[in-house]
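Construct the entire structure; sequences and hints are all you get.
Residue numbers (the working numbering): 140 to 527.
Simulated from the structure, these hints should not be mistaken for lab results.
Do not rely on the hints blindly, as some may be mistaken.
[What the hints assert, rightly or not] Quick list of the computed label-pair ranges, beta carbon to beta carbon:
| no. | residue 1 | residue 2 | range |
| --- | --- | --- | --- |
| 1 | K149 | T406 | 48 to 58 angstroms |
| 2 | K418 | E375 | 27 to 37 angstroms |
| 3 | G459 | R314 | 38 to 48 angstroms |
| 4 | I142 | E246 | 19 to 29 angstroms |
| 5 | S421 | M140 | 44 to 54 angstroms |
| 6 | I150 | G362 | 43 to 53 angstroms |
| 7 | S519 | A312 | 23 to 33 angstroms |
| 8 | S519 | Q143 | 31 to 41 angstroms |
[As the list claims (entries may be wrong)] Heads up, simulated DSS-like pairs for lysine-lysine below, C-alpha to C-alpha not over 25 angstroms straight-line:
| no. | residue 1 | residue 2 |
| --- | --- | --- |
| 9 | K248 | K229 |
| 10 | K422 | K437 |
| 11 | K520 | K507 |
| 12 | K437 | K501 |
| 13 | K283 | K149 |
| 14 | K501 | K516 |
| 15 | K418 | K211 |
| 16 | K149 | K243 |
| 17 | K422 | K211 |
| 18 | K243 | K153 |
| 19 | K229 | K520 |
| 20 | K211 | K243 |
| 21 | K438 | K516 |
The beta-carbon is built from N, C-alpha and C at its ideal position, and this holds for glycine as well.
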Amino acid sequence: MSIQLHDYLKIAEKEKDLPKVIAYNRIDGPGSSLDLAEFQESFWRMPDTLKPDLNITDETSKWAPENDPACKWTMNLPRTVGITIDTGTKIEAYPFDPDLIGVKSVEYKTEVIAAPGDVFPVSQNWLLKIMEIFNIKGVMFVLKNLREGIQSSGLGGSSTATIGVCILANELAGRPFNKMQLISMASRIEQGFGVSITGTQEQSNVIFGGVTDYVWFPWGRPGYPSTGYGDSVRFELLPPENYALLESRTAIFHSGHPRMSSEVNLTWRNALSTEVGYKLHSKKMKVAYNFREGLRLKKWDHVLNSIDEYRKIRTKLCEGYMEESRDILEYAQSNNCTAFPLGAGGGGGVLLFSPEPEFLEKLREDLKGLYREIPFKIRSKGHEIINI
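As structure tokens, this is what we get:
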């Protein structure tokens with residue numbers, strides 16, 4: 140039997156207490172694209188240190204970093220570091236026709252409506268299909284970006300919206316799914332419906348948040364109960380009291396040339412099946428680990444070097460990745476900084492980094508008036524649930 144939300148939402152609307160979720164974007168970096176299923180599956184190998192104690196039930200003996208804060212056993216595993224920032228999407232549930240469900244995007248000026256059971260699998264219905272999965276009706280989800288004009292910015296916007304809809308629908312339906320299932324649902328629906336080539340990084344960071352290192356386990360953690368959807372082992376690299384140290388060394392500017400990421404992700408994915416491409420991709424795990432350690436130890440020169448090395452590997456695999464960002468990179472390098480196009484689009488948002496905050500301030504002055512800055516603060520949580 141469907142969960143009828145119309146009457147409940149009418150009361151909530153009258154009391155100005157409509158249920159909503161705010162889902163936050165992320166900054167990626169070295170390790171991004173290793174969250175795609177093909178990359179996880181291609182490069183995952185059982186670490187030797189896990190083999191002797193697969194049957195130990197105490198999780199801390201295998202996964203926690205108390206005895207090995209560097210987590211060296213993860214060095215050659217696919218990983219991504221996510222940094223949650225205060226841009227993103229607000230998703231609000233409004234009362235709607237009791238027999239229908241709908242999704243409306245304020246930013247993109249789109250609206251799709253259907254009766255539960257009649258949502259056919261095409262890309263424009265991907266969020267509506269999620270609502271249908273939860274067997275809810277009488278509700279319209281309205282999506283609005285927290286900051287205007289930064290669509291296709293490489294900050295994981297579509298994935299943020301997708302997992303945000305999953306979270307809100309799950310709350311309204313009484314939480315039938317756990318966190319890892321929601322991550323899998325968002326990733327598989329988005330890719331399966333042809334919205335984007337996506338992995339689990341953006342979705343994971345909306346669920347967990349902070350400055351977090353994700354080590355990917357495509358079939359779940361060995362010897363540990365799993366949902367069957369894959370898993371990650373997560374490590375906090377910087378506590379909130381140290382966020383200002385990273386914020387003072389990073390900036391995001393928009394290149395002004397947003398472009399869909401699917402074609403670049405497809406090029407990278409296709410390169411896995413070539414000898415040259417596979418060897419280039421196989422270098423990414425070590426670079427991503429060095430990025431992780433640079434952040435954890437606050438060795439900012441290591442952070443810069445890993446960003447440079449990862450960007451060079453990506454560019455060799457797909458030269459078009461840098462098409463719209465070369466000028467920003469030149470400005471950055473002339474100021475002892477570096478640049479990293481966010482996401483896979485090659486346009487949109489570009490991360491700027493410098494080990495020395497004063498160099499970054501000089502770069503800001505050079506870019507002022509040429510490119511739009513996207514100001515941000517780092518957040519410890521990936522989402523907020525309100526009025527539920």
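* Holds or violated: are the alpha carbons of K437 and K501 at most 25 angstroms from each other? -> The given pair, whose Cα atoms are some 22 angstroms apart, holds under the 25 angstroms limit.
* Hey, K149 versus K243, does the alpha-carbon distance stay inside 25 angstroms? -> holds (18 angstroms)
* Using the beta carbons of I150 and G362, state whether their distance is inside 43 to 53 angstroms or not. => holds (48 angstroms)
* Between K501 and K516, is the straight-line Cα distance small enough, at 25 angstroms or below? -> It holds: about 20 angstroms lies between the C-alpha atoms, which stays within 25 angstroms.
* Asked: When you check the alpha-carbon spacing of K229 and K520, does it fall within 25 angstroms?
  -> Given pair K229, K520 holds - Cα atoms ~15 angstroms apart, limit 25 angstroms.
* Asked: Is it true that the C-beta distance of K418 to E375 lies inside 27 to 37 angstroms, as the hint says?
  -> Because 33 angstroms falls inside the window, the suggested range holds.
* When you check the alpha-carbon spacing of K438 and K516, does it fall within 25 angstroms? -> holds (21 angstroms)
* Asked: Do I142 and E246 keep their Cβ atoms within the hinted range of 19 to 29 angstroms?
  -> holds (28 angstroms)
* Given the hint that K243 pairs with K153, test it: the Cα-Cα distance must not exceed 25 angstroms. => Measuring from Cα to Cα gives roughly 21 angstroms; hence the hint holds.
* Given hint K507 paired with K520 - CA-CA distance at most 25 angstroms -> violated (30 angstroms)
* Are K283 and K149 close enough, with their CA atoms no more than 25 angstroms apart? -> holds (20 angstroms)
* Does the hinted range 48 to 58 angstroms hold for K149 and T406 at CB? -> holds (49 angstroms)
Of the numbered hints stated above, those contradicted by the structure are hints 11 and 20, listed in ascending order.
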